[in-house]
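Participant: With the hints as extra help, turn the sequences into a complete structure.
Number of protein chains: 2
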Amino acid sequence: MNTKTVIPSVAKLAVSEVDMANAIRALAMDAVQKASSGHPGMPMGMADVATVLFNRFITLDPSQPEWPDRDRFVLSAGHGSMLQYALHFLLGYEDMPVEELQRFRQLGSRTAGHPEYGHARGIETTTGPLGQGIATAVGMALAERMLAARFGAELVDHYTYVIAGDGCLQEGISHEAIDLAGHLRLDRLIVFWDDNSISIDGPTSLSTSTDQAARFAAAGWHVQRIDGHDMEAVADAIEKARRAEQPSLIACRTTIGKGAPNLGGSEKTHGAPLGDVEIAATRKNIRWAHAPFQIPDEILRSWRAAADRGRAARVAWESKLATSPRRQEFESAVAGELPDAVFEDLDAFRKEHFEKATKVATRKASELALAVINAATELTVGGSADLTHSNLTITNGMERIAPSEFSGRYIHYGIREHGMAAAMNGIARHGGFIPYGGTFLCFADYARGAMRLSALMGQRVIYVMTHDSIGLGEDGPTHQPIEHLAMLRATPNLNVFRPADIIETAECWELALGEKKRPSVLVLSRQNLPMLRTIVPEGNRSARGAYLMRESVGRRDVTLIATGSEVEIARAAADLLHDQHKVRAALVSMPCWELFEEQDENYRAEVLGKAPRIAIEAAARHGWDRWIGESGVFVGMTGFGASAPAADLYRHFGISAEAIAEAALAIIQKD
Amino acid sequence: MNTKTVIPSVAKLAVSEVDMANAIRALAMDAVQKASSGHPGMPMGMADVATVLFNRFITLDPSQPEWPDRDRFVLSAGHGSMLQYALHFLLGYEDMPVEELQRFRQLGSRTAGHPEYGHARGIETTTGPLGQGIATAVGMALAERMLAARFGAELVDHYTYVIAGDGCLQEGISHEAIDLAGHLRLDRLIVFWDDNSISIDGPTSLSTSTDQAARFAAAGWHVQRIDGHDMEAVADAIEKARRAEQPSLIACRTTIGKGAPNLGGSEKTHGAPLGDVEIAATRKNIRWAHAPFQIPDEILRSWRAAADRGRAARVAWESKLATSPRRQEFESAVAGELPDAVFEDLDAFRKEHFEKATKVATRKASELALAVINAATELTVGGSADLTHSNLTITNGMERIAPSEFSGRYIHYGIREHGMAAAMNGIARHGGFIPYGGTFLCFADYARGAMRLSALMGQRVIYVMTHDSIGLGEDGPTHQPIEHLAMLRATPNLNVFRPADIIETAECWELALGEKKRPSVLVLSRQNLPMLRTIVPEGNRSARGAYLMRESVGRRDVTLIATGSEVEIARAAADLLHDQHKVRAALVSMPCWELFEEQDENYRAEVLGKAPRIAIEAAARHGWDRWIGESGVFVGMTGFGASAPAADLYRHFGISAEAIAEAALAIIQKD
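Protein chains in written order, with my numbering: chain A, 1 to 671; chain Z, 1 to 671.
It should be emphasised that the hints constitute simulated quantities derived from the structure, not laboratory data. Where is the CB? At the ideal position from N, CA and C, for every residue including glycine. Check each hint, because a few of them may be wrong.
[Claimed, not checked] Facing chain A, from chain Z, some residues (calculated, C-beta under 8 Å): (1) 33; (2) 35; (3) 112; (4) 167; (5) 206; (6) 323; (7) 324; (8) 328; (9) 332; (10) 344; (11) 347; (12) 416; (13) 418; (14) 622; (15) 629.
[Stated by the list, open to error] The calculated lysine-lysine pairs, modelled on BS3-like cross-linking and capped at a C-alpha distance of 30 Å, are: (16) 284/A <-> 34/A; (17) 364/Z <-> 34/A; (18) 364/Z <-> 351/Z; (19) 268/A <-> 359/Z; (20) 364/Z <-> 268/A; (21) 351/A <-> 516/A; (22) 268/A <-> 34/A; (23) 34/Z <-> 364/A; (24) 268/Z <-> 34/Z; (25) 516/Z <-> 320/Z; (26) 34/Z <-> 284/Z; (27) 359/A <-> 34/Z; (28) 610/Z <-> 610/A; (29) 359/Z <-> 582/Z; (30) 516/A <-> 364/A; (31) 364/A <-> 364/Z; (32) 320/Z <-> 240/Z; (33) 320/Z <-> 284/Z; (34) 34/A <-> 359/Z; (35) 364/A <-> 517/A; (36) 359/A <-> 268/Z.
[Claimed, not checked] Counterexamples of contact, computed for chain Z against chain A with all Cβ distances above 10 Å: (37) 63; (38) 126; (39) 182; (40) 275.
Facilitator: Right under this line is the structure:
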């Protein structure tokens, strides 16, 4: 199935690849030593594999690190970051001069402890939390196939290469990732396993006996085992992997810290500098007579020659793009530019449902909004972790992605929340698509590791998280989120939207789509909610994060602040206070804390008001004191939920108009 | 290796096991129908397997559901809860009369949507979030072997049986669990996989192609494949599994909703009532002429006979215990009773290190405290997710648990945070041990799903989470917790301890050990911290959650509230304010929010004071407004961290005595 026919060959070299690999080893051990911190063992152990891969196979152009049809390289074993930085320097990435290697792990350097997307050009994704790299790479390899299905092999035809360690393969996320990749037959994905039998605590035999090759084979992968220090074996395996019709694992038997005569093969090389004595011994052992950070010209030239191969490929590709009739379309997709129609249609959608006063669950509202969005753009790619008809993430005409069949735009991620989130990171990082995916809000727990990376990398990944409170009812406390809103809101650079009705849901979708550098979570109800707006929706009121849904007339005795499904209840409380107690309550809907925090002081003061405040949310209080102040009251959950019909639960836990009204009466100063 | 020699045989039955299985089917479909909510498909599909298991093999006594040497049964596919409730009713558990089945999923019933530990007797663990059950069962099976190693097969000799679904096996946590179980050769663990080829979205072929049998075999399991509706095949497989020297997977090919003539085999039976028409058709199909919830006496008698087998086993075991010379020791272990020496020695430890003014990282302080604890009791079982020498969780003389070798008390969990947390839940639920386990605080993300269950079930599981802030330095933002304290503090029924020095660390360990019904997280620094106490430690000051570490003399101009490594910085700020600005600052150390919240109003008011307040914590602000009030200031993190030496990071992010002093000067009203 692989259409790429470039036959790799060893370039005519002034120096051997062994020298080229030793350059990596020297830079890694010297940089870690200078920083007094870092992980030399992995770069030294995988230097031979990396040299063959980068010298003979991988297609990258250091002068244009982001050209769309480049191969992707993911260092899943991110603690071995010096491997990547050394490669970038040797290949001639302009933003990776030797000075950056000398500032390894220092404040403001591009050479962070683990590869950080955005710090240095060519770092495709942030890694470090183990297993994230391989799972993100699955998303990249999937996006490559999907984009190729749309634009053809002329424009999209590249590999995704991963280096993973024992840790990556022990983590649960790796299971979700390799199962999904094997199922879909992502034949452009090639994973090198640094099989060095060492983890931090000591030999891996302390904690694992798994036959990884058999495990990958069980998941449908093409599997090879090689000596990771035999360069021809590495090359041969890569060639075979590129021809395989499945994703490939190349298990590379290596020696951690290879080259270090005394510590090589020991966990002592994993996460600490080798020390001056061992470094001197290593220099002797690998016959490296050069000073720290000095690379002889002829070795550097060999590496630069490898880069030239990539440059030529990039130039050839650009001329294909230049003459392609679909150039504009391709460039727009890769840039992630949404057509205006998306926003115009959402605007019309809001007006239509305002007129109809549509009463639906916000998950259903999301489905209706998605129908509009997905009709107006092809950029969106949906999916769910096996809750499609609960999350309501599929819309008419969305074909599913299936094994070796990538022309659709709906992904059955399986019961793999973490794998889904990481794959979405990979899809977003690859470019060409805007991924969204669904699960229950409670299972944000399972996806946490990858969701944090969405935020850290600032990727437009949209999480559709339904069944967002005790309002889901009978499934009970294991399925009812309590602390999850706090967990998500406390996460930097993540917008958490909890819309109250169909209008806000459409607004929040618009905001999520418009945030090119921030992930969003749409937190949606299982239960039906009435349309709450009282004036024709012009503009996007949710854009300010919180707004006065209903001002009190004349004076304000109390301010009720609520989100999502509790706004309806707060409104009923306001009515009750007015009708029965002549108390004037202002009602604030606060669909997005993060956007509200960004507003100016005046706007926030106007919305929050000076009257006592009550916050209502069917979740933990944690964080709400920010908005209600010391005299404020919180009406919500104080512990875990329970299994019962939703209405019974709201009554049981005292989240009701009556309880809110009672709380209001207790705190306000009557005139 | 299995010492149990009971040969199971089919009891003389008045009715066939088919009838017994159909009783489960009828109860499941009728209860779901009555509740208008629930999952009939799995109980109906697995009724045959469950009948053979419970009728012929499992050793339980419904009249004494908690006797220590019972077999453990874990319904990992927790949505099929009606299978368990039906079994409990049929076997005659007193707290599971038919009325409870009729109140399935209603408020206050014992029959929650998913099995909830503590709701009905005999529910060994809470399940529902997929994969948790199988991973918890690994901990139970491990605890069984460990307890058997201590007390011998006379007193400890039982199996752990699990029913798992496709969802459980797709989740990443299952990988961590089966790898660990296979590695340790937990031969008393037997997992039935309900291989029905259906998940919520439809056929499992939508999302997976994995050969599960091969996958388990790769992890070192004994694997069998059978027709899950062939009762003799089930029995034969169980017998073989019990004799195996590895953990066993029995892949049971089943039809979801078996018995339902039109919907059986379809995902439509998974998560919704069958409806009156299909229920009537099912009754006809399985020749079940009885009214809803009516079980003929002879069928009930057959089930009760199975329970009698368990009762006899329990009685026999009790007489062994009665004559055992180690009876008291055994009972005390199972009750989890710590000797007084633990607390006395910790008290002496605090006094000793107060005298020495020991300056160590709190992770090191934790290691020193653990040395005292582990010497004074054998109940504690330690471990780490491959960060033993970073978390400092092992103490002198702790032997490791190894494959088929269970006499030690230290577990190398591997790079499996989620699996570790779930295994600790299982160890705690099994009884006989107090598990603690370490990882970096940031990887609480990976363990979240199981940590939540520790809290929901109220288990004494102790998480040792080190490298708790930007203070870890060079590893950078992927490893630096920001939102994690908020995430953990927002979780109900979980004590989060962040001690400031060696004295508080010992106090927090004491509190964690003393909490029999609540898990604890010890949040510990990588970097060294001075001993901060100024008076001889009497009692446990951390027990009130927060306390005045230093009162200001005469008047209080400002209150500085800090936790962990920031208390030292706050103290320096207080000195600076005093010496340079004549500002009197009180210093509050707040190692545990949860315990402080439990104090009376007066105590809290005294600690917090009336002066303006500044909170200092190298983490997200989220939640701190609770303690600082509207006029308060927070000095901490506003986004993700960075990679650099720790001191540079504290300076860079403005968490310093100077910054705190400046903030204090800005908010206080000078006299």
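Participant: Run every hint past the structure and note whether it holds.
Facilitator: Tested hints:
{"no.": "1", "hint": "33", "in the structure": "violated, 13 Å"}
{"no.": "2", "hint": "35", "in the structure": "holds, 7 Å"}
{"no.": "3", "hint": "112", "in the structure": "holds, 4 Å"}
{"no.": "4", "hint": "167", "in the structure": "holds, 4 Å"}
{"no.": "5", "hint": "206", "in the structure": "holds, 4 Å"}
{"no.": "6", "hint": "323", "in the structure": "violated, 39 Å"}
{"no.": "7", "hint": "324", "in the structure": "violated, 34 Å"}
{"no.": "8", "hint": "328", "in the structure": "violated, 35 Å"}
{"no.": "9", "hint": "332", "in the structure": "violated, 31 Å"}
{"no.": "10", "hint": "344", "in the structure": "violated, 32 Å"}
{"no.": "11", "hint": "347", "in the structure": "violated, 32 Å"}
{"no.": "12", "hint": "416", "in the structure": "holds, 6 Å"}
{"no.": "13", "hint": "418", "in the structure": "holds, 5 Å"}
{"no.": "14", "hint": "622", "in the structure": "holds, 4 Å"}
{"no.": "15", "hint": "629", "in the structure": "holds, 5 Å"}
{"no.": "16", "hint": "284/A <-> 34/A", "in the structure": "holds, 19 Å"}
{"no.": "17", "hint": "364/Z <-> 34/A", "in the structure": "holds, 26 Å"}
{"no.": "18", "hint": "364/Z <-> 351/Z", "in the structure": "holds, 17 Å"}
{"no.": "19", "hint": "268/A <-> 359/Z", "in the structure": "holds, 26 Å"}
{"no.": "20", "hint": "364/Z <-> 268/A", "in the structure": "holds, 20 Å"}
{"no.": "21", "hint": "351/A <-> 516/A", "in the structure": "holds, 26 Å"}
{"no.": "22", "hint": "268/A <-> 34/A", "in the structure": "holds, 17 Å"}
{"no.": "23", "hint": "34/Z <-> 364/A", "in the structure": "holds, 26 Å"}
{"no.": "24", "hint": "268/Z <-> 34/Z", "in the structure": "holds, 17 Å"}
{"no.": "25", "hint": "516/Z <-> 320/Z", "in the structure": "holds, 28 Å"}
{"no.": "26", "hint": "34/Z <-> 284/Z", "in the structure": "holds, 19 Å"}
{"no.": "27", "hint": "359/A <-> 34/Z", "in the structure": "holds, 27 Å"}
{"no.": "28", "hint": "610/Z <-> 610/A", "in the structure": "holds, 21 Å"}
{"no.": "29", "hint": "359/Z <-> 582/Z", "in the structure": "holds, 29 Å"}
{"no.": "30", "hint": "516/A <-> 364/A", "in the structure": "holds, 25 Å"}
{"no.": "31", "hint": "364/A <-> 364/Z", "in the structure": "violated, 52 Å"}
{"no.": "32", "hint": "320/Z <-> 240/Z", "in the structure": "holds, 27 Å"}
{"no.": "33", "hint": "320/Z <-> 284/Z", "in the structure": "violated, 49 Å"}
{"no.": "34", "hint": "34/A <-> 359/Z", "in the structure": "holds, 27 Å"}
{"no.": "35", "hint": "364/A <-> 517/A", "in the structure": "holds, 27 Å"}
{"no.": "36", "hint": "359/A <-> 268/Z", "in the structure": "holds, 26 Å"}
{"no.": "37", "hint": "63", "in the structure": "holds, 26 Å"}
{"no.": "38", "hint": "126", "in the structure": "violated, 6 Å"}
{"no.": "39", "hint": "182", "in the structure": "violated, 6 Å"}
{"no.": "40", "hint": "275", "in the structure": "holds, 17 Å"}
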